[in-house]
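Dock the two chains into a complex; use the hints.
Quick note, the sequences are listed as chains A and B, same order. Position one of the first sequence corresponds to residue 1 (full-length UniProt numbering), numbered consecutively onward. Position one of the second sequence corresponds to residue 1 (full-length UniProt numbering), numbered consecutively onward.
Derived from the structure by calculation, the hints contain no laboratory data. Since this is a predicted model, take the numbers as computed values, not measurements. Be aware that one or more of the hints could be misleading.
What the hints assert, rightly or not - Covered, in the sense of this in silico footprint (three residues per stretch, anywhere, with C-beta under 8 Å from a C-beta of chain B), are these stretches of chain A:
{"#": "1", "region": "306-319"}
{"#": "2", "region": "330-336"}
What the hints assert, rightly or not - A few chain B positions that, by computed beta-carbon distances, are all more than 10 Å from chain A:
{"#": "3", "residue": "R120"}
{"#": "4", "residue": "F152"}
{"#": "5", "residue": "S417"}
Unchecked claim - On the chain A side, residues computed to face chain B include the following (Cβ under 8 Å):
{"#": "6", "residue": "P145"}
{"#": "7", "residue": "S147"}
{"#": "8", "residue": "L148"}
{"#": "9", "residue": "F265"}
Backbone N, C-alpha and C define an ideal beta-carbon position, used for all residues, glycine too.
As a plain string of letters, each chain reads:
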Amino acid sequence: MATSPFWTHLDWEVRPAEPGWLRRIHIDVPLLLGLLVLCGFGLVMLYSAGDQDIATVKRQLVRLGIAFGFMLAIAQVPPASLRRWSLGIYGAGVLMLIAVLVIGEIGKGAQRWLDLGVVRFQPSELLKLAVPMTVAWLLSRRPLPPSLLSILLAMTLTLIPVVLIAKQPDLGTSLLVASAGILVLFIAGLSWRMIIGLAAAAAALAPLLWMGMHDYQRARVMTFLNPESDPLGTGYHIIQSQIAIGSGGISGKGWLNGTQSHLEFLPERHTDFIFAVIGEELGFTGIVALLGLYLFIIVRGLMIAARAESNYDRLLAGGLTLVFFVYLFVNTGMVTGLLPVVGVPLPLISYGGTSMVTLMAGFGILMAIETHRRKK
Amino acid sequence: MLEDSLEDRRREQRLVTVRAIVAAGFVLLGLGLILIRLAHLQVEMHEHFSVLSQDNRVKIQPVPPTRGLIYDAKGLLLAENHPSFSLELTIEKIDDLEATIAELAKLIPITEKDRARFARLKRQRMRFQAVPIRLNLTAAEVARFAVDGYRFPGVDVHAELIRTYPKAALTAHVLGYVGRINERELASIDKGNYAGTNFIGKGGVEKAHEDLLHGRVGYQQVEVNARGRILRTLESTPPEPGQDLYLYLDVAVQQAATEALGDRRGAVVAIDPRNGGVLALVSQPSFDPNLFVEGISQTDYDALLYSPDKPLYNRAVRGQYPPGSTVKPFIALGGLATGTINSRKGIYCPGYFSLPGQSHRFRCWRRGGHGTVNMRQAIVQSCDVYFYSLANQMGIEKLHDFMATFGFGARTGVDISGELPGLLPSREWKERVRKQPWYPGETLIVGIGQGSFLATPIQLAAATAAAANRGHFIQPRLGYASRVPGAPTAHKLPMVSRTLDVGNASYWDTIVEDMAQVVEGARGTAKRIRSKDYRIAGKTGTAQVFSVGQKETYNAATTPERMRDHALFVAFAPVEDPRIAVAVIVENGGHGGSTAAPVARRVIDAHLGGAQLSQDGEDPHGN
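Chain B extracted, bound-state conformation (with noise of 0.2 Å):
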C-alpha cells in the first residue's frame, strides 16, 4: 500500500517533470521564433528599415526665395512684398474640419466671406498644402491665437509676404499681379523650384518676368518629430532672392496718360525711341491688382469681369483695332521705297476712288475732295484717295511685305504677357483662314487702314518710335535694368533691335517732315496740339467702329455712343531729336485730331516739360 503510494508519487512527479521540460521546449520554441522574427528585422531588413527611420526624421523643406520688387524709372517702388499673417488649415491632419473651424470662430473672427474664399482655395489646393482661412490677422489675433493654438493641431499662423502695388490702378495694367498658383499653372512650372511659393505672376511684367522676379529656392534640412515640429536644421542652402526690375516706365508719365484720358476708354502707349523702353502704358479704365493677390471674391471679379467697360482688358497689348489714317506715313514710305511713287508727284481727289472699270465708289473721308493733292499734302491733310490709288499701284502683297517691317501683324514681344498680333492682312491669309480670293478694292481698304487691317496700341508706337528714329526699329519693352538684391551693380536687359531699309535714308526725312506738318503745317489735322517748345510730328487717325452703307453719311451726333469711330494719334517730338513716341486711340472718340491728339501732347509735356527744367534728368538711365 505504502509502496503502491510511494510508486504513484513518483510517477506523478515524474509525469510533471516531463511536462516541465516539454514546457521548456516550447519556450524555447517561442523565444526562438521571436530571435528569428529580430533576425529578420534587424539583420536581413536593417537596410531598409534605416532609410524608413532616417526618412521619418529627416524631412527637406523648402525655403522660398523673396520675390524682386519693381521699381519705375525714377527709383519709385511699383510692387513690394509687404508682411501679413494669415491662419491657415491643413486639412489632412484635422479629424473634424467643421467642429474645428467652429472652435476658431470663437476665437477668431471669420466671416461668411473668409468661409467662401476657404471652400474655394481648399478644391484648387494640392494634398496637406495648408489653406487660408483668415487673412491679414491683427497682432491682437495672432496673440489670442498663440495662447490657445495648442488646442488646434493642423492649424497655423502662417507668416508670409503678399505682394501689394502701392500704385494700384495706375500700373495694373503694366504690372499685371501675382495670385496664388492654380492647377493648370502647377502643370507648367519648375514644381521643384515652386515648392514653398504660393504666389505667381498672372499677368503683365509680373508674368513676363517671372522668372527674374521669382529666384530660385532653397532647401533646408531639418530633424522632425511625429508631430512635425521642427527640432533642428541639419543643413541649409539659401535661396537667390528674386532680382529687383527697373522698369523703363515713369509714374509721372504714366499718370499725365491716365489724366489725359480721364473717363473715356482707350489706351495711350508711349516709347522712348532711343532705346524702346516703354515710358507710360495707359490702359482704361483699369482695376485695383491688390485685389486679387490673397484671391478676389466672386462679386468683386464679376463686377470687373461683366462690366461693359472691360477693367480687364489690357487694351494696350490687346486691343485690336483698325489703325486708321496713323498708318499713311508708313504706306506713303512703302510707296517710296519700293519705287512706286514720288513724293512730288500729284494725284486728283475728286471726292471718291473706284477702280477701272466699276462703278463703286471707295469714298474720301472729305466728300467734295482735297483736289490735286502730293504726297505731303496727302499726309497733312489725310486724303485717301491717294492712298487708294497708292495701295493700287503697289499691289497687296508689296504693301503687305513693307507693312510687316514696320511689325505690323506681328506681336512686338514687348515684356508684358497676353500680348495679341493684330492683324496685317494679305492674299495668303484671305485664302487660308476666309478660304475666299483676294479682291482688288480690299487693298485699297488696307491702304487707309481699314477692313480686316487690325493693329494694337503698342504697335502703332513701336512703328512711330522707328520712324521717330529713322528707321532704328527697337522692340519695346518695360525692363531696364535688373538687380541682385545687396548687389553692387544692376544688369541692364538686352535690347532687341533691327533696321529697316527703305533704300534711300532722306525717304526719312521726307516722311518725317510730312508728319510734322500734320502739327505745324496750316492744314494739318492736328494742328491745334502745336507746342512752342518743340515741334511734334504725328498723325491722325479715325477707325470705323461700323461700315457705313454707300448712300449713307456719318453722322457721330446720332451714332449710339458705342457705334462711333474710334480715335487715333500717333506722334513724337521733338521732330529733330526725338525722345518720346506715343501712340493714343481713344474708344468711340469721334475724330483723332480733336480727342486722340490733345491726350498725346499731355503725354509728350509730362516727358519733355519734364526734361527741359532739369539739364540732364531727361533720361532717367544716363544713357
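So that you can see chain A by itself, here it is in the shape it has in the complex (with noise of 0.2 Å):
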C-alpha cells in the first residue's frame, strides 16, 4: 500500500466541475482562452508571413470563425452520442476514401477532394476524428486493458484508412490518422511489451513503406538525411527555413522585419513554414511562449481525459490531445530540419481551412466529454 505511486492517492473525481453559464452552454473556460489566444497570435504572424495582405488574414478569420462554430456545435453533443455514431462515421469515410481514390484513377492523378456539389470535402480530414472515435468505441467495449483481439481489430480498423490515404498519395495525413489509432491505444493502456513490439514491427515494415512511397515522398527523406545535397530542390525549403530560425537569434529581427520570409527565400511561408517566420522575427524567445501556448492546450486535454466519465470519453479525449502534439511535433520538427519535410501544417497557425476545422471539431468533443460529465 505505502509503495503505490503517488498520483494513486488523487482522487481526480472528488473535485467537483465549476458551476457557470459557460459550462452550461458546454464550453471549457481555459480550453477556449487558450485557443482564442493561439489562434490570435496565429492572426498576427499570418499578417507578417503573408506579406501583410489584410485579405488573408480577413480569409483566415473568416474559417477560424467557421470552426470556432463547429467546434461549439459538437461541444453540445453528448458524448454518448458521439459513442454511438461511431462506427457509422468511420464507415461513411472508408466509402468515401474508396469514392475518391475511383474518382482519382479516372482523372488521373493525385485526388483528395470530394465534391459534393454545396461543398468540396476532404474525407481524410474525416478520418482524423473518424479513427480514434471508432478505436476508443472498440477498446471501451471491454475492459481495459485491451486484449489481443482487440489491439488487432483496433489496429486494422486503422491501417484500413490509412493504407487508403496514403495511396492518394498524402504521407502526411495518413500519417497522422494512423498516429490517432496508436495514441488511443496507448492511452488504453496498451502493454509495454506491446509497444515495444510494435515498434519492431514498424522498424522491419520501414523498407516496405519505402518501396511504396513515390519518389517525391523518397526524395524528401533523402533530402532530410542530407539537406545540402539538393541545394535548389527539395533542399531549398530545410536550408532557409533553418536560416530563418537561426538569424532570428534570442529576440528575433522584430515583427514584419524577418529578411528570409519578406525577400522570399522563405517557400511556403504562410502556409507549413510559418513557425520559421515565427523563429525569424520573434526569436527564441517569442518561440518558446508560443510553444507554452500549446504546453497548455494540450495539458488542458490530457487533464480532460484524465478524469472523464467513461472509458470512452478518456480514450477519445486523450487521443484527440495526442494528435494534435503530433501535429505540432511533426511541423515544428520539419521546419526546424529534425524530422522530413512531410506537409503537415503547423496546427491552428498555419493559412489553410481544412485542417482547421477538423482540429476545432477535435476541441468540440473534448469540450462535450469536459462539460457533460454528471455533476457530483
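Printed below as a string of C-alpha cells:
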C-alpha cells in the first residue's frame, strides 16, 4: 500500500466541475481561452508571413469563425451519442475515401477532394476524427487494458483508412491518422511489451514503406538526411527555414522585419513553414512563448481525458489531444530540420481551412466530454 | 459484484490516468527536443545563420565603367559607344533550354546564325554569366518582350553600350577592336575590375591603352529577393569611367595614305618628327572592325583569315620586310660616325663587288656600274657597290651596333599591340639562333638592307623621323592625350626620346642633304616626286622577295606577281623644318622610286598641303 505511486492517492473525481453559464453552454473556459490566444497570435503572424496582405488575414479569420462555430456545435453533442455514431461515421468515411480513389483513378493524378456539389470536402480529414472515435468505441466495449484480439481489431480499423489515404497520396495525413489510432491504444493501456513489439514491427516494415513511396516522397526523405545534397530542390526548404530560424537569434528580427520571409527566400512561409517566420521575427523568446501556449492546451486536454466519465471519453479525449501534439511535433520538427519535410501544417496557425475545422471539431469533442459530465 | 465492478472501474481509470501522465511526459520530452534544436539554431549557431541570411539578402553588384572614346587629332570621333539591346539567357536559371528558345522564337525572330553564335558563346561563358541569343533588338521587339517576358525566367533584355567604329576599315589597324572577353584573357586581367564588363581591347590602340580606356569598376550593394529582383540599393560606389583618348592620328592623312595605296597590298606609316606622333598608319587591305565587336560569324572570319591578301595582318607594325636601300643613308651615317669613311672619298663601282681572294660577285643593281661615286652620289643613285665596300670596312659589329641605335631589330614601343621587332642580324645572333658562324659576305648583304635584315614600316618611319630631327629619336606613339570625361583639362601622355650621338653634328646635315638630292637631284631615284612647295628628302628601296641566282637576271615582267620585289620608300619634308616623316612599302610593287615614292608624296601633301592652307593649324595640338 505504501509502495504505490503518489498519483494513486489523488482522487480526480472529488473536484466538482465549476458551475457557470459558459459551462452550461458546454464551453470549457481554459481550453477556449488557450485556443483564442493561440489563434489571435496566429493571425498576427499570418499578417507578417502573408506579405502584409490584410485580405489573407480576413479569409483566415472567416475560417476561424466557422471552425469555432463547428467546435461549439459539436460541444453540445453528448459523448454518449458520439459513441453510438462512431462506427457509422467511420464506415461512411472509408466509403468516401474509396470513392475519392476511384474518381482519382478516372481523373488521373492525385485526388483528395470529394465534390458534394455544395461543399468540397476532404474525406481524409473526417477520418482524423473517425479513427480515434472508432478505436475508442471498440476498446471501451471490453475492460481495459485491451485484449490481443481487441488490439488486432483496432489496428485493422486504423490501417484500412491509412492505406487508402497513403494511396492518394497524402503521406502527412495518413501518418496523422495512423498515429491517432495508435495513440488511443496507448492511452487504453497497451502493454509496454506490445509497444516495443509494434515499434520493432514498424522498423521491419520501413523498407516496405520505402518501396511503396512515390519518388517525391523518397526525395524528401533523402533530402532530410542530407539537405545540402539538393540545395535548389527539396533541400532548399530546409536550408532556408533553418537560416530563417537561426538568424532570428534570441530576440528575433522583429515583427514584419524577417528578411528571409519578406524577401521570399522562405518557401511556403504562410502555410507549412510559418513556424520559421515566427522563429525569425520573434526569436527564441517568441518560440518559447508559443510552445508554452501549445503545452497549456495539451495539458488541459490530458486533464480532461484523465477525469472523463467513461472509458470511451477518456480514450477519445486522450487520443485527440495527443494527435494535436503530433501535429505540432511533426511540423516544428520538419521546420527545424529534425524531421523530413512532410506536409503537415502548424496547428491553428498555418494558413488554410481544412485541417483547422477538423482540429476545432476535435476540441469541440473535448469540451463535450468535459462539460457533459454528470455533476457529483 | 458491485464492489468488483467499482474496483475494476477505478483500476481502469487509474490506468488511463497513468497513461495520460506518461503521455504528458512524452509531450514534454518532444517539446524539449524541439527547444534544444531551437537553442542550437538560434543561440549557438545564430552568428552562422545571420551571415547566411545577410548573404541571401545582400548582393554586391559590379557597375561597369563606360569605355573611353577615341578621337583623332582634329577631334573626329573614331570609337564610340552605341546603346544596343540584346536578349540574354542565364542558362543556370533555365530548366529546359531548348523549349525556352523555341518558345522565345515565337515572340522574337531567332535565326540559325543567332543560334550558332549562341552555341559558340555558351561554351566560352563563365557560370551564371548571361549569354546573348539575339543582338540589336528593335524597339518593337523590346516592347514585345516587356509584355511577355514574365513567362521566361532566366531570360532578360540587356541594354549595353556597343563599341562602334564610324571609320570602320580606315582605322581598323590603328584602333584594333574590342570583343567579348575570352577565357585566356580572363586569366590575365584583374577579374574584380572587369566584373560586369563584357568587352576588352583585342588589338591596336584599344588593347595598348586598355587600362586607360576601361576605367575602374564601381559597386553597388543591393537588396534582392529570392528571385534576384533588386528591391533597393543599400550602398554604391560609382565607377570611374574610362578616359577619352586623343590620338595624333589625322583621319585626313590616313585617308590620303589609304587612297594612295589603293588596291595594292602594303603599309604606310607617317610620323610627325617633332613629337613622334603617328599621323597615319595604314595596312592594306583592311577589314571592318565592327564585325568583331559582337562576335564575328565563322564564315566572315574564315573569309578574312584565309584571304591570300591577309587583311587581318597589320603590315605597319607586324610586317617584317628587308628594308633594302632605304637603310643606306643610315649606314652611310654609320660610316661617318665610326670614322670608317669620309663623305668625299670616292669608290669605284664596276657593277659588282668581290671580297679579296674570292670569286663570288656581289652585284650592283646597275649591271654596268656607276663608275667612281662619293657618298652623295652613292646615296642618290643607290649604288650597291659603295655600300658593299663600306659595310666590309665597318665590319658587322660596328654596323649592327650603329643600326641598333636607330631602333632596328627592336620594337619601337608604339602604342599598338602586337608589334614585331624585325631582325638586325649580328654575329652573336647567327651563332645563337642559326648555330652557324658569320660569313664576311653576309656583312655586305646587310650593308644594302637585304639578307636576313628585316624591318617593320613603323621602324623605318621612326628611324627616318630621327634623321629628319638630326638625331633626336622619339618613340613613335598614337596617344597624344587622355581626358577624364567631364574634366576641364586633358592629360598629355609622356614622350620617350633619346639623342643619337654621331660624333659631329654636321654629319646629320650631310645625310639630310644626300637624302634631299634623292628627290631633288637630277639623277635622284625619286626625282619624279619633286614638289614646288617644299623640299622633300627621301630614299628609295627595293626588297627582294626571292633570290636571283648568280647567272640570272631579275625580270619583273616574267616573275609571278607575288614573287616580285617589294617597293619601299622613306621620306620626310620639308627638309629644313621637317613636319612629317613617312615610310611606305608596297608589296610586290617593284621599284621604290616608281611605286612607293608617289604614295609618300600624296601623304606628305595631305599633311603639309593642309597645313599651308591655314597659317597655324598645321599642328592640331598647337605645339
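Checklist entry - Would the stated hint for A:L148 survive a check requiring a Cβ distance to chain B of less than 8 Å? => result 17 Å, violated
Checklist entry - Closest CB-CB distance from B:S417 to chain A, is it above 10 Å? => result B:S417 is indeed farther than 10 Å from all Cβ atoms of chain A, at 43 Å.
Next on the checklist: The output says B:F152 does not contact chain A. Does that hold with a beta carbon cutoff of 10 Å?
Outcome noted: The claim stands: B:F152 keeps its Cβ more than 10 Å from every Cβ of chain A (closest is about 19 Å).
Checklist entry - Does A:P145 pass the interface hint, meaning its C-beta sits closer than 8 Å to a C-beta of chain B? => result Check passed: Cβ of A:P145 comes within 7 Å of chain B, closer than 8 Å.
Next on the checklist: Under 8 Å between beta-carbons, do enough residues of the region 330-336 of chain A, three at least, approach chain B for the coverage claim to hold?
Outcome noted: holds (count 3)
Checklist entry - Taking C-beta pairs only, is B:R120 more than 10 Å away from all of chain A? => result 27 Å, holds
Checklist entry - Within the region 306-319 of chain A, is the number of residues with a Cβ closer than 8 Å to a Cβ of chain B three or more? => result With 5 residues closer than 8 Å to chain B, the region 306-319 of chain A meets the three-residue bar; holds.
Checklist entry - Would the hint on A:S147 stand, with a C-beta cut-off of 8 Å toward chain B? => result 14 Å, violated
Item to check | Interface hint outcome for A:F265 [beta carbon to chain B under 8 Å] | outcome: Holds: closest Cβ of chain B sits about 4 Å from A:F265, inside 8 Å.
The structure is inconsistent with the numbered hints 7, 8, although it conforms to all the rest.
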